[in-house]
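The listed protein sequences correspond, in order, to chains A and B.
Residue 555 in the numbering used here sits at position 555 of the first sequence, with consecutive numbering throughout.
Quick note, the numbering used here runs 598 ahead of the 1-based positions in the second sequence.
It is worth saying that the hints were derived from the structure and are not from the lab.
Idealized CB from N, CA, C, for every residue including glycine.
A few of these clues could be false.
Said to hold, decoys possible - Partial selection, computed: residues in chain A whose CB lies under 7 angstroms from chain B:
{"no.": "1", "residue": "90"}
{"no.": "2", "residue": "97"}
{"no.": "3", "residue": "128"}
{"no.": "4", "residue": "177"}
{"no.": "5", "residue": "179"}
{"no.": "6", "residue": "181"}
Said to hold, decoys possible - Lysine-lysine pairs mimicking DSSO-like chemistry, simulated, CA-CA at most 27 angstroms apart:
{"no.": "7", "chain 1": "B", "residue 1": "776", "chain 2": "A", "residue 2": "88"}
{"no.": "8", "chain 1": "A", "residue 1": "88", "chain 2": "B", "residue 2": "952"}
{"no.": "9", "chain 1": "A", "residue 1": "33", "chain 2": "B", "residue 2": "952"}
{"no.": "10", "chain 1": "A", "residue 1": "57", "chain 2": "B", "residue 2": "952"}
{"no.": "11", "chain 1": "A", "residue 1": "189", "chain 2": "B", "residue 2": "769"}
{"no.": "12", "chain 1": "B", "residue 1": "769", "chain 2": "A", "residue 2": "82"}
{"no.": "13", "chain 1": "A", "residue 1": "88", "chain 2": "B", "residue 2": "938"}
{"no.": "14", "chain 1": "A", "residue 1": "132", "chain 2": "B", "residue 2": "952"}
{"no.": "15", "chain 1": "B", "residue 1": "938", "chain 2": "A", "residue 2": "132"}
{"no.": "16", "chain 1": "A", "residue 1": "555", "chain 2": "A", "residue 2": "456"}
{"no.": "17", "chain 1": "A", "residue 1": "88", "chain 2": "B", "residue 2": "606"}
{"no.": "18", "chain 1": "A", "residue 1": "82", "chain 2": "B", "residue 2": "951"}
{"no.": "19", "chain 1": "B", "residue 1": "951", "chain 2": "A", "residue 2": "132"}
{"no.": "20", "chain 1": "A", "residue 1": "9", "chain 2": "B", "residue 2": "776"}
{"no.": "21", "chain 1": "A", "residue 1": "29", "chain 2": "B", "residue 2": "776"}
{"no.": "22", "chain 1": "A", "residue 1": "492", "chain 2": "A", "residue 2": "295"}
{"no.": "23", "chain 1": "A", "residue 1": "88", "chain 2": "B", "residue 2": "940"}
{"no.": "24", "chain 1": "A", "residue 1": "492", "chain 2": "A", "residue 2": "456"}
{"no.": "25", "chain 1": "A", "residue 1": "57", "chain 2": "B", "residue 2": "951"}
{"no.": "26", "chain 1": "A", "residue 1": "573", "chain 2": "A", "residue 2": "294"}
{"no.": "27", "chain 1": "B", "residue 1": "938", "chain 2": "B", "residue 2": "606"}
{"no.": "28", "chain 1": "A", "residue 1": "132", "chain 2": "B", "residue 2": "940"}
{"no.": "29", "chain 1": "A", "residue 1": "57", "chain 2": "B", "residue 2": "657"}
{"no.": "30", "chain 1": "A", "residue 1": "507", "chain 2": "B", "residue 2": "769"}
{"no.": "31", "chain 1": "A", "residue 1": "33", "chain 2": "B", "residue 2": "776"}
{"no.": "32", "chain 1": "B", "residue 1": "952", "chain 2": "A", "residue 2": "82"}
{"no.": "33", "chain 1": "A", "residue 1": "352", "chain 2": "A", "residue 2": "229"}
{"no.": "34", "chain 1": "A", "residue 1": "294", "chain 2": "A", "residue 2": "507"}
{"no.": "35", "chain 1": "B", "residue 1": "776", "chain 2": "A", "residue 2": "57"}
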Amino acid sequence: MSEYLVNLKINDMSVSVPEGTTILDAARKLNFKIPTLCHHPDISVAGNCRVCVVEQKGARTLVASCATPVSEGMEIFTNSMKVRDARKNVIELLLSEHNADCTKCFKNGNCELQELASEYRVGDHVFIDLVKTSGVHTIDISSPAIQKDDSKCVRCQRCVRTCHEIQHVSALAVVGKGEHQRISTFLNKPMNEVVCTNCGQCINRCPTGALSERSYLDEVWDAINDETKHVIVQTAPAVRVALAEPLGFDPGNRVTHKMVSALKHIGFDSVLDTDFTADLTIMEEGTELLTRLKKVLVDGDTSVKLPMTTSCSPGWVKFIEHTYPSLLDNVSTCKSPQQMFGALAKTYYAQKKGLKAQDIVSVSIMPCTAKKYEADRPEMRDSGYKDVDYVLTTRELAMMIKQAGIDFESLPDMEYDRIMGDSTGAGVIFGATGGVMEAALRTAYEIVTGREVPFKNLDILPVRGFEGIREATVKIEGCTPEWNFLEGAELKCAIAHGLENAYQLMKAVYEGTAHYHFIEIMACPGGCLGGGGQPIPTNQEIRAKRAQAIYDEDKGLPIRKSHENPEVQQLYKEFLGQPLGHKSHTLLHTHYKGRQRY
Amino acid sequence: MKDKKLKKVDLIFENVECNAYEVLENTLKRDPDEIILDIIDSGLKGRGGAGFPTGLKWKFTKNEDSAVKYVICNADEGEPGTFKDREILSRVPLKIFVGMAICGYAIGAKEGFLYLRGEYNFLLKELNVILNDFNARIKSMGFDFTVSIKSGSGAYICGEESALFESMEGKRGEPRNKPPYPTVSGYNGKPTVINNVETLCHVTMISRLGAKQFKDMGTTDSRGSKVFSVSGDTPIAGIYELELGMTVQEFVDEFGDGDTKSVQVGGASGHCVPRKNFKDTIIGFEGIPTGGSMMLFNSSRSMYNVLHDYLEFFAEESCGQCTPCRVGCQQLLKGVEAVKRKERPPQYLDDLKKLAGTMKLASKCGLGQSVANPFISIVDNFREEMIY
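Given these sequences and hints, build the entire structure.
Given below as structure tokens:
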């Protein structure tokens, strides 16, 4: 932004802002609130809902404050009668094309349109109800992850911009014009047949309930109330730093042990931690990386591909299946922590607890909507059953807690159950972009050299942060004899979060202009902490607070390296044998499927 | 008593005396700033309907510091009741191309595009023949400028200049936020002059005859002549070039069938002038401006049907991007239907008028903003026809 300051008046108050600032931002500087709907800080400006119109002295029409830059001497009125009348009319219009079925809506109480309507005391009967008169709207529930209800859509196009700009997916697009304009997919195909990665970033930015996760709350409640079932639940790392938000706390609160407490209150038979299998993932994926390096560098095996990319993010996995099917051999064969957990729950856990696999209902709480899709993949039945039965988002868990009448704040702290409840700091940081890389380096470096990574307090700061694509190089020195071939080697790593960044990085790999050994990719901005199943709203400030909470959690744990997780060590001793062993291969690894670009 | 103000003119279609190439050759010898001053001095305003001073548009674009600039001829003539550009494109296309080249020379552009309405693709073959010759001739004059044609796909909204750029760039034809205006950031984000077909022909004629002859015609606010598309209840429908500044009464005297009850000036997005206002309404920028469409209705016509048709058109042709236009058009349409069917009381028309007012103030582009013109003028003047 320019250094040059522009002077203007808003509601007769003077303000100076840098050239290029919008009227909306200038007004915010003076603490004048202008309502918005199609505006979202993570994406480009559209200026199409017209809720934010303001009066500019001398102008023929009102102007959209989100889309109009300030100019010298401008005089703006944000609350004149002309503005109020027009704004109210616009909100009435939006309501007339919106299915205001609020009480049944998942977004009830957290809906931007509802908020606007109540602020302006607008009912839905001023104009003719267009949902009823032209309503051939159907709800698309074809996807196991994302539900699309056009009758609630107000055409703000936030989802379209998100899918295109942040995710480079463009599964959603505007089709038709005028009265027929709506948000649709390629050839109006159902959501499960298109290029959608199920990341749910569209849901995070939908101002109404038009896009939401497919909810499995009722199924989970039924399982809990079924006495013949042993219902276990795993909680992903990023859930603990965001769950507090929909329960009335500020972003950045860590509520790990209250969450455990709440899950026990709700009635889960065993409350376990996905961090456990995050640590396990590091063991498998770290070993896979070292094995790949050995095969390429020592054995000269050309069938083994480098760089190896992570595979924890199911949105990313589906993205590369569509976008670069020729690079699928570069993706680690490791299942995600959720699915490793699921496969072990119905084998190892069942065995240890003396339970029959068919009596176990395996539930996971995820910051993610793509996890719902992942759990549904046909590849994810290696236990002989559906490895993970139901996936709930952070938002759904918050709703469950509310439904159960739990006063979250007064809950006592409780510990995870055993077994598969142990976690390390390395498992926790999976929730932030760069976290898998950091956890992997902490372990791999130690396997190869017998020493800790050469970073103060184990904090590998170069891989942290929010820059879209980050690079780091770790020089390996002092190898143990077994890994001598890596002596002096520089391990080149890259990290990308958000699929647009992932696309840019993988494009460079595809074109042969980028030379890395290991790449971490998370589909969502900020990593899982910014996942499509996380509390709404989302923005950079909120994501940064959640990231801080994750690193604080890591710092506070006694064990911070995956290979030191005692339950993981026990698992290898009693059940798996060794990383990449036969049992691991059957239960913990998978394969991918090339898909087409639509 | 002054002379009758309605005067037929023949500048656009007369071809005999205008050797367009000669005009171009002579103009290319002049100083670009002088050319622009001439156009400003002539008082020429855009003939597409909005009426922005052409010379100023050129001056703003020339002043932009950019290696790449464009000239675009807007031939997406889609306003209901307008068909004059089709005639110009068929009969005197060279005048358009020469006008574009003069503009390109004046502002420092090397490329020009003619954005042709999809429905006019039948003209493409002939236009390209003339264009090939034109591009070669212009090179031989030592001026580095090329014109090519891009076809639209039949959306009314793409006649809106920024939606037209989007369409040319291969995107969905939706208007952009303004500012920035095309003179700063138009096609491909570069400074762009976009002029109507007829405007560019006037440029050629002003270059040939001088600014004075043009300026001497019309009124202070509306200089020169204008090509009108006359249709509806008239025995002599067709294309007429008339000096600006006449009243609707004078127009009706010439073209009406003796029973004219209203004239829709400026097409579906224009204003309806009822008989009682014929004498007091000037056709021009001081009165009611028009892109050329003049539709006459006699007493056998239902103004409800007229309005209903217009609203159906807008509900269909709105790009659907902004709320006031997308939903507003549907509400106006369904609203007048509901009043007609007695499902809503006549007073609901006042709510709808208020809504039309909001659309005028809050819509993103000229389409949504102008729906209020026909709506309010027809409902106000023919309210009883809306109700009974």
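Verification of the supplied hints:
1. 90: This interface hint holds because 5 angstroms falls under the 7 angstroms limit.
2. 97: Hint on residue 97 of chain A: holds, closest Cβ of chain B at ~5 angstroms, below 7 angstroms.
3. 128: OK, holds: residue 128 of chain A within 7 angstroms of chain B, min 5 angstroms.
4. 177: With Cβ-Cβ at 5 angstroms, under 7 angstroms, it holds.
5. 179: holds, 5 angstroms
6. 181: holds, 3 angstroms
7. B:776 <-> A:88: OK: residue 776 of chain B and residue 88 of chain A at ~23 angstroms, within 27 angstroms.
8. A:88 <-> B:952: Satisfied, since the Cα-Cα distance of roughly 11 angstroms is no more than 27 angstroms.
9. A:33 <-> B:952: Holds. Residue 33 of chain A to residue 952 of chain B sits at ~25 angstroms (cutoff 27 angstroms).
10. A:57 <-> B:952: holds, 21 angstroms
11. A:189 <-> B:769: holds, 21 angstroms
12. B:769 <-> A:82: Since the Cα atoms of residue 769 of chain B and residue 82 of chain A sit roughly 34 angstroms apart, the hinted pair is violated (cutoff 27 angstroms).
13. A:88 <-> B:938: holds, 26 angstroms
14. A:132 <-> B:952: holds, 23 angstroms
15. B:938 <-> A:132: holds, 20 angstroms
16. A:555 <-> A:456: Holds. Residue 555 of chain A to residue 456 of chain A sits at ~12 angstroms (cutoff 27 angstroms).
17. A:88 <-> B:606: Distance of about 49 angstroms is beyond 27 angstroms: violated.
18. A:82 <-> B:951: holds, 15 angstroms
19. B:951 <-> A:132: holds, 23 angstroms
20. A:9 <-> B:776: Given that 27 angstroms is the threshold and the Cα spacing comes to 20 angstroms, the pair holds.
21. A:29 <-> B:776: holds, 23 angstroms
22. A:492 <-> A:295: holds, 17 angstroms
23. A:88 <-> B:940: Holds, because 26 angstroms separates the two Cα atoms, which is no more than 27 angstroms.
24. A:492 <-> A:456: Judged against 27 angstroms, a Cα distance of about 20 angstroms means the pair holds.
25. A:57 <-> B:951: OK: residue 57 of chain A and residue 951 of chain B at ~24 angstroms, within 27 angstroms.
26. A:573 <-> A:294: holds, 25 angstroms
27. B:938 <-> B:606: violated, 42 angstroms
28. A:132 <-> B:940: holds, 19 angstroms
29. A:57 <-> B:657: holds, 26 angstroms
30. A:507 <-> B:769: holds, 24 angstroms
31. A:33 <-> B:776: With a Cα-Cα distance of about 23 angstroms, the restraint between residue 33 of chain A and residue 776 of chain B holds, given a limit of 27 angstroms.
32. B:952 <-> A:82: holds, 11 angstroms
33. A:352 <-> A:229: The hint holds at about 17 angstroms.
34. A:294 <-> A:507: holds, 25 angstroms
35. B:776 <-> A:57: holds, 16 angstroms
Checked against the numbered hints above, the structure breaks hints 12, 17 and 27 and satisfies the rest.
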